[in-house]
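Enquirer: Each chain, written out:
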Amino acid sequence: MLKVDVAGLELSPPLVLASGILGVTAKIMARVSEHLGAITTKSVGARRREGYPNPVVCPLPYGLLNAMGLPNPGIDYFEEVIREFKKLSKKPIIVSVIGSDSPEYVSSRAEEAGADAIELNVSCPHAGGLLELGMDIEQVRRIVRDLKSILSIPLFVKLSPNIQDIGKLAETCEKAGADGITAINTVRAVKIDLLSKKPLFKSIYCGLSGAAIHPIAVRCVYEIYEKVSIPIIGVGGVVNWESAVELILAGASAVGIGTALTQDIAIAKEIASGILEYMRSEGFKSVSEMIGLAHKR
Amino acid sequence: MLKVDVAGLELSPPLVLASGILGVTAKIMARVSEHLGAITTKSVGARRREGYPNPVVCPLPYGLLNAMGLPNPGIDYFEEVIREFKKLSKKPIIVSVIGSDSPEYVSSRAEEAGADAIELNVSCPHAGGLLELGMDIEQVRRIVRDLKSILSIPLFVKLSPNIQDIGKLAETCEKAGADGITAINTVRAVKIDLLSKKPLFKSIYCGLSGAAIHPIAVRCVYEIYEKVSIPIIGVGGVVNWESAVELILAGASAVGIGTALTQDIAIAKEIASGILEYMRSEGFKSVSEMIGLAHKR
Amino acid sequence: MLKKVGRVEEATEVSSGIYLLRISCPLKEPYPGQFVMAQPPGLEEIPLSIAGYSGGELKLIVAAVGETTRALCRMDVGDRLWVRGPLGRGFSYMSRKTAVAVAGGVGIAPLIYLVDARKREGLKTKLVAGFKSRVGGKLIQLLEDLGDVVIATEDGSIGAKGDAVSVASSMITRSSMVFACGPEPMLRKVVDLCMSVGAAVECSLERYIKCGVGICGACLIEGEEVSMRVCADGPVFDGETIVKLSDFDKLALDRSGCKVPLHGGCPSR
Amino acid sequence: MLKKVGRVEEATEVSSGIYLLRISCPLKEPYPGQFVMAQPPGLEEIPLSIAGYSGGELKLIVAAVGETTRALCRMDVGDRLWVRGPLGRGFSYMSRKTAVAVAGGVGIAPLIYLVDARKREGLKTKLVAGFKSRVGGKLIQLLEDLGDVVIATEDGSIGAKGDAVSVASSMITRSSMVFACGPEPMLRKVVDLCMSVGAAVECSLERYIKCGVGICGACLIEGEEVSMRVCADGPVFDGETIVKLSDFDKLALDRSGCKVPLHGGCPSR
Ligand SMILES: Cc1cc2nc3c(=O)[nH]c(=O)nc-3n(C[C@H](O)[C@H](O)[C@H](O)COP(=O)(O)OP(=O)(O)OC[C@H]3O[C@@H](n4cnc5c(N)ncnc54)[C@H](O)[C@@H]3O)c2cc1C
Ligand SMILES: Cc1cc2nc3c(=O)[nH]c(=O)nc-3n(C[C@H](O)[C@H](O)[C@H](O)COP(=O)(O)OP(=O)(O)OC[C@H]3O[C@@H](n4cnc5c(N)ncnc54)[C@H](O)[C@@H]3O)c2cc1C
Ligand SMILES: Cc1cc2nc3c(=O)[nH]c(=O)nc-3n(C[C@H](O)[C@H](O)[C@H](O)COP(=O)(O)O)c2cc1C
Ligand SMILES: Cc1cc2nc3c(=O)[nH]c(=O)nc-3n(C[C@H](O)[C@H](O)[C@H](O)COP(=O)(O)O)c2cc1C
Ligand code: FES
Ligand code: FES
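Protein chains in written order, with this note's numbering: chain D, 1 to 297; chain U, 1 to 297; chain A, 1 to 269; chain V, 1 to 269.
No wet-lab data here; the hints were simulated from the structure. Among the hints, a few may not be true.
Label pairs and their computed distance ranges (CB to CB) [stated by the list, open to error]:
#1 U:Lys175 with D:Glu270: 50 to 56 Å
#2 D:Glu277 with V:Asp148: 22 to 28 Å
#3 V:Gly147 with D:Ser196: 58 to 64 Å
#4 U:Leu2 with V:Gly78: 36 to 42 Å
#5 D:Ser196 with U:Lys175: 32 to 38 Å
#6 U:Leu2 with A:Val260: 19 to 25 Å
#7 D:Arg297 with U:Glu289: 41 to 47 Å
#8 U:Glu132 with V:Gly223: 43 to 49 Å
#9 D:Glu270 with V:Lys250: 34 to 40 Å
#10 U:Glu282 with V:Lys250: 58 to 64 Å
#11 U:Leu293 with D:Glu10: 17 to 23 Å
Each residue gets a CB set at the ideal place from its N, CA and C atoms; glycine is no exception.
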């Protein structure tokens, strides 16, 4: 009952590990994948990056601020991680690719290594120039088109809420050939340190995730669903089954989980069983009946 | 010690009632003004509006969703409210004016009635076409310029976080003659009702306020401060003195309080004394020493 | 107070157009006089006084007067709705050993909970429930189960003939604490009488409720030097406050925020 | 666990380059073996084991090895810093009546709290604290105040001569529960010895910590079929788990997420 097809990926349950969350080694991804339908890796580029110095997170009562800075070992190293994951787990692996660091090269290497899909990250609000990139509709269109011309696996584009019209950008991605949209990345934020009286993070800007951004994620998914017919992976503030179901009703075919893993690494299990119970009590026979239902007049 | 000059308004403490919060009658504004430096009225237009039907709010653990729909009696009625307030209180009254409903007419009537400043609302995320207006840099420039040409009291422009480059928009406002910026309005959101499986609000879209948006408000104020030299009234998620001080260090000359009044209508008192204590312990002699300090290298 | 899902356990017509709803919905223990915002899925959210609460079960007394209340009253067992509360400030119901409660029409709702809560604390309350005309046997039964009850109808069709206040007046003059809920002209009479005999009085008032949490300003009731939010400073106000509220029994805000005359009794009935 | 402001109450050099910090900072009562992320204003946030906690006062034992630890050690009374914690999972410190604790260098930090917490519960612990060479009198005093302590130095300059494990070995073989913290080559010896004599063992491990809340993946330590987050599944792991961790004493992730050889002992010292 919890099975969905998302751009050709079969996900059961319709829950995905969000990018940047533990997607570092094959073994941890295999461990986390147990209760999920698919996993997304951390965002990878052509070059190795160490990310920003500590502090890289600041927990809030209602979410998390982070400025990791896209640490990653580079695709030359990471393709081995992909291969190893494919040996350890049958779950689809979506490889997140940094949009500003040779995405074509990285994506094709990832595909060769066995990636089941690529997620193009054009939306990190504090690193890699991705905020600016993700807001430049022309550039996004070009990258998506170029990537599609070389890839045979599905391509998702991960969008930022820090944009005027996310529906329009999603539409552009669809027209350029994207197979799906992932929304949302973190919301651009700043934290001031009351002791140093300076921004807490060395990068000044950081990203807000967790419960606080859930109503924003639902809005973005709702807006995107109005504009495109490709599937949406809804991400942002999913902390329980209710928040997951809201995203599905708003238009998400599957739901990503990130920050909530700080509460419990196996939280997806609970979320999946909550969705199942909701479906039973409301008389839904499949997840696909629920997708985008909030748009029906 | 808590006195600041904001575009010619003398505020003590540097705390302002945010627009749409109780700013309906002269008497309630007078009551609330006791612990504040100034009050902002609800947003007023030329025509009477009833707003959306209930539900108009949905409390969250970390904030509030609202879709009031800009209810207001229209300026012909409201100018009496302004006059009455001026009799009841010595605190400055900032009259919020709906940007899409004859702002020139409304503002000049408000000025005549005794308004100490006008706040141009071009940023409601769910009503009055203000979301679209607030994102149209050319229109905002024109309205600001036209208003400035007829007003002799200071003009603040209230901006939305639902925009790509809030710094640039603020800069445009400054160039067009605005005397100050108010940031931010609520963040555009959607809530899906799991029982009806439809958007909870009749307007579909709603606005997120309260603690959840504080790091976004700090970021917006930080970005605006980098771009303009007119004063900023920082609003969004101020729930205690710490959140108020963060906004000031990020660049706000004064701080608006909205949703936090659901906890305690006199919360400003506590916030003011917290700010004072922080100033004493950190050796600040005036609020102005703190404004924008986080930008100093 | 977050919105919570309630489940209808019973919806019975206790008198013509007046329903008793039992809803299972765990809330923070409410005080008598507090209210909830109730919303049947897809319809409006409206304020309703808490007529009872125990063991996670909420009781409401609803008059079917419009779309939302009618929908509520038509709900079947097992149907679900949104409930937000308890909201507002209730009666200081423990303050006196004996008291009189005066209800007009469906204003009975919060007083049922009050009388019951006082009974559980060993405090006595004489309840005078006034109606226009004959009411259903189930409602009468429900009231009589509470203890010391006098029913009054304006047309004398059952119980004492006359409005609730005149029927209650002798009890009020002998009492030191009076609680009341009903149309404002009636409440005015209660307050005036209490002030004249020196009895403490608390009334539950009504205004149009939007946010219910004290920030939108829709529900203000004011006097020369006071401005009160019915949803957050009330809905229960004491006599000293009420006499200062020149809006009382006269003016209310309309949905746009204009202050307009209160038509008829309760602004919302 | 939110960031909280801590206030330095004392910063004393207890041995050359090793400081005892007392910080007032109300935390959720920590377990021995848990750690905090500490950040002097404007500098990095680093992991430090909790060396003691009572009545809102946190004790840390810090080796000044780099910019942040040096800054911490130089702090004056009244200076403030950010503290986030307690984080991670600690020792199962109550599980046995008697136990041996083996420390290498500043690995002593969590064991001080462990021994003290056990003492408060009436449980005995023999502490063997090994150092390269002579340590300061204040540190020795601090350890001796805990009770049953043996000091070992590799050069024999004070206490027993030899590394902590060889000095502790006879105690370990007679014990059923061993706690340890120190460089991984030392911990390996402890684990091997414990496994061979059938004693239960728990070690506090270190890896580069970024988020500290189990979501960034910076601190993974792995084996053929296990992947553990030092910050959230640890930092304390039991012997059964450690023997499955082929990374143990061999590999660690660098800051980019490459798995690289562990140079020297502890990845972070
Ligand atoms: C604090 C408080 C407690 C109340 N307790 C009860 C109770 O226990 N039992 C009961 O039957 N009724 C109670 N009411 C009145 C009840 O809220 C209205 O009867 C109900 O809202 C009508 O909704 P409707 O859609 O059925 O009718 P509509 O046709 O929408 O309106 C009918 C009348 O109800 C009023 N009304 C509608 N919406 C609201 C609102 N949001 N706030 C206030 N009035 C409104 C209208 O002004 C109109 O006068 C209470 C009102 C308040 C303010
Ligand atoms: C769980 C845990 C508990 C610890 N407990 C203590 C303790 O009680 N007392 C103590 O003195 N030290 C402890 N450490 C080690 C301590 O964190 C490092 O010594 C400190 O981070 C060095 O920072 P620096 O800026 O002074 O030095 P740098 O010059 O930045 O680094 C010196 C060494 O410390 C390591 N290091 C730097 N940052 C980190 C980090 N974020 N996470 C892990 N290692 C890092 C580096 O890899 C390097 O090997 C602990 C480490 C961990 C993981
Ligand atoms: C610590 C952390 C690291 C992240 N790293 C990435 C990343 O590398 N690439 C990416 O596309 N998104 C990244 N994100 C964003 C998440 O994938 C997700 O979009 C966002 O956190 C919202 O979901 P959540 O509220 O469930 O966490 C990161 C988020 C966090 C909290
Ligand atoms: C119920 C409600 C009504 C509001 N109405 C208005 C309004 O009429 N005009 C306006 O400019 N902002 C309005 N706002 C936005 C607030 O002024 C403020 O910008 C926002 O709520 C963020 O501040 P807060 O987190 O302190 O509430 C409203 C907010 C709320 C919660
Ligand atoms: S209903 Fe909003 S203040 Fe009372
Ligand atoms: S430091 Fe981030 S998972 Fe451990």
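Enquirer: Of the hints stated earlier, which fail here?
Expert: Going through the list in order, the structure violates hints 2, 3, 4, 6, 7, 8, 10 and 11 and respects the others.
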